[in-house]
Amino acid sequence: MPGGYAGKVLEVDLTTGKIANKPLDMKEAQMFIGGRGLGAKWLWDRTKPGGSPFAPDNPLMILSGPLNGLPAPATCRTIVVTKSGTTFPKANPKTAGILHTTTGGRFSPELKFAGYDAIIVTGAARSPVCLVIEDDKVEIRPADKYWGMGNYELQMTLDKDFGPRWRSVYIGPAGENGVRYANIMTEIHRACGRGGSGAVMGSKKLKFVIVKGSKPLGIQNPAAWKKANISAYKNMMSSSGSFGFADWRRLGTAMVLSGASDWGQEACYNFREGTYDKIDGMEGETAIRNLWVGNDACFMCPIACLHKGVVRSGKFQGMTHDGPEYEGVMMGANCGVQDLAGWQANIAAADDYGLCYISMGNVLGFLMECMEKGVITAADLDGIDLKWGDVDAMLEIQKKVAYADGCGKLIGQNLRAMVAAWGKGCEAYAMETKGQGFAAWNIRAKGSTMHISYATANKGADHLTGGDIDTQNLRAMNDSLGVCLFPVLSGIKPEDLCALLNAATGFKLTMEDYWNTARRIYTLERSFNMREGFTRADDSLPARAWEPLTYGPYAGDKLTPEGFQKELDEYYKARGWDPKSGVPTRETLNKLGLGFVKI
Amino acid sequence: MDLKKMAKKETPEEGSELGKRISAPTRRDFLKGLAIGAGGLALSSLLVKETTEAIDLDYFPLEQVAQGQKVVGGRIVHDYRICTGCQTCELTCAMANHQEVNPSKSRIKIYRYEPRVHIGIVCQQCMDRPCVNACPVEPDKDGRRALYEDPKTKALALNTARCLKCGNCVEACKSNRNGNLYQNAQGYPDGFCTLCQGDPKCVKQCPFNALMVVPRTTDGMYAAKPASVLAQWAIDTLYGGPKMIIDNWK
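Here the protein sequences come in this chain order: U and C. For the first sequence, this note's numbering assigns the number 1474 to the last residue and increments by one with no breaks. For the second sequence, this note's numbering assigns the number 263 to the last residue and increments by one with no breaks.
Please keep in mind that the hints were generated in silico from the structure rather than gathered at the bench. One or more hints might be untrue.
Taking lysine to aspartate or glutamate and the DMTMM-like style, the derived pairs with C-alpha atoms no more than 20 Å apart in a straight line are [as the list claims (entries may be wrong)]:
1) K1087(U) to E76(C)
2) K1090(U) to E113(C)
3) K238(C) to E1462(U)
4) K1109(U) to D203(C)
5) K1087(U) to E113(C)
Only some residues are given here: those of chain U computed to face chain C with a beta carbon under 8 Å [stated by the list, open to error]:
6) G944
7) P946
8) R1040
9) I1063
10) S1089
11) P1091
12) L1092
13) N1170
14) D1171
15) T1195
16) M1246
17) V1250
18) A1254
19) L1443
For every residue, glycine included, the Cβ atom is placed at its ideal position computed from N, Cα and C.
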């Protein structure tokens, strides 16, 4: 087995309880690298078009990349690929798009040290189970004891029952109750965010996967590895200025909390505005003074962008949690909150329930606007009077959603379900693409390319996919290699990553091959969506995109439908997809080695 | 509650449980106390009393260790206030001492506890050496058992040829100290720190400078506490002690 990979894939069928091992197909690995790429390939092979994401035959794949666990910067990402619980085409709500989502932490390196590149979970158990992996010993055990636990309680119980060196991924109550935007979580507050991976895991009645490994990983060419590694560390740690290495370490993504507001790109009041009028006390500098006690890193990460914190006064005094980081804006500015501790409490609650706080914040913003505009009343929310900035009401709604209680049943579906139930023109306030709510970046200010990311991302409105083709390719490779995006944003070059990949595995990829691999992965994901019934019409933006911003330095900025369609045309052409239908052309597919794809 | 009050509140009373636990502060704590002001006040009042014995504060300056100056008679200390749990030290150690990318073989181990603290456990080079004393092998002409203190580095070393694989040393470490010693697959004791022959790699590689070498001035029974004990202390001091309620949004 060449270095980099662990060499085995673990297949678990929860219906029959069968556990099998198969060797990793190296030809496939060379074509799709690992992580997000291999996940897309396997999902293509293993699913038929039209199935529900919550059907037992939908495979839940927890993957690693070839660089995971190796001594290079931030080789920590755990990648989950499955059919999305959130995204579906407008024309056919019964199917689902692809979901690829990553989290930091320490799970996938440990999985590789246990000897597996990936876990493929199929079937569904009758009663709650968990998967315990210790090197070659793999067991499905009953997990009734753990079912229903919140993530704080669960992580602490696991630490007690197994030990603090075991690494786990799990779901909270939200995942158990099938909330469409529940996450798979790890280490309490790291999440495979967006797209309902937790709901898929919950539908299989799998509470957690826990792993401990003691096997070594190989590096094919140590001399080349050392050279590439030094270059990578140097490029990263020598980056300076704003968004340089020091900024990343000091503030993490919270460094753009005030910046995004100044650029008119923050999500405020359910995306009505891009500049937040109550930004005072809601930025990273305040968090440093009033909240944070230290940095927290993922595996091998020299940045440590997360900050652990404790609320020091007020109603939530003594509450410990990480954050806020930038995407926390969805629970903050997007809901009109100006209360750092209350904001933090909402983030902590979402993480404890296993909710995606990006999606949850989006839904809360939507609800607040619906209340304000009179679409719904407090009676529709079981008597909760939800107003802008009311952190206590937000906590109550979150609890209802996580336990699918009363109004939480409908709210836990997704924006489209609420629009269908309530009507009265409230689709104008539903900020979503392909069923997936927007993340914390507003799209209308000049200079923002986020609208392309939201519209074209294969997993629905996603802020990490990238606003142009080059960025999308770069991030597709990152997710496939298992390397975090943030070191790349703070200076590591794709050339370094390519050299690291070659040195670890013995592949001989040139930069052209590297980018072609990225195109191959992205186009395969797109093809999967097209097979599921998505069309170009699904690459859409909500009507609010055409309304101007009214506040701040970018007041008056807006997108136009014509301009957006033109940008899309150019995008498809550059991708080698048919501009009319958005389907990858046969020529493109053949060129990228995707001859097996038939849509 | 502001930071100052928190720090004050955490100042252990003389003779209290917490006070006993930190009765043997390290030089690093002392420096921290000076450097970070209010946060370190809790310790410094104690320290002034306790560290009147002359400790050469510049004994192992980090820069010189980084430049390859050999370390003799030191121990590695881990600062939970700085450590982010990235495990760079683990991979470095495993690669340096076992030539493997395999953190489970590392001789320094980072344990994660919630609310989030990372506790680094590494051989503290206990001056009374309970592990060496537990070794049943007859001392040779240099007075060395199978597990012995290398006179060059004043750190532990193992003579595999003489080791009986009995596990007495592992048991001694487990029951008396932090329990970092373990029996490896071949049965030999592992997990003791050799200070990389006087050139501690983990200390040099830590991206946050959370590891440091300090002189051995205290007995291991103070320095080498098990991870769970240190974790409780770390959580109390980092997050504000008994006032902490992790899920009070409920």
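Structure-based check of all given hints:
1. K1087(U) to E76(C): Violated: K1087(U) and E76(C) sit about 36 Å apart, past 20 Å.
2. K1090(U) to E113(C): It holds: about 9 Å lies between the C-alpha atoms, which stays within 20 Å.
3. K238(C) to E1462(U): With Cα atoms ~65 Å apart, K238(C) and E1462(U) exceed 20 Å; violated.
4. K1109(U) to D203(C): 34 Å, violated
5. K1087(U) to E113(C): 17 Å, holds
6. G944: Holds. Min distance 7 Å.
7. P946: Hint on P946(U): holds, closest Cβ of chain C at ~5 Å, below 8 Å.
8. R1040: Cβ of R1040(U) sits 7 Å from chain C, so the hint holds.
9. I1063: At about 6 Å, which falls below the 8 Å cut-off, the nearest Cβ of chain C leaves the hint on I1063(U) intact, so it holds.
10. S1089: The hint holds - S1089(U) has a Cβ within 8 Å of chain C, the shortest such distance being about 4 Å.
11. P1091: The hint holds - P1091(U) has a Cβ within 8 Å of chain C, the shortest such distance being about 4 Å.
12. L1092: 4 Å, holds
13. N1170: 5 Å, holds
14. D1171: 5 Å, holds
15. T1195: 4 Å, holds
16. M1246: With a closest approach of 22 Å, the M1246(U) hint is violated.
17. V1250: Interface hint status for V1250(U): violated (28 Å vs cutoff 8 Å).
18. A1254: 25 Å, violated
19. L1443: 41 Å, violated
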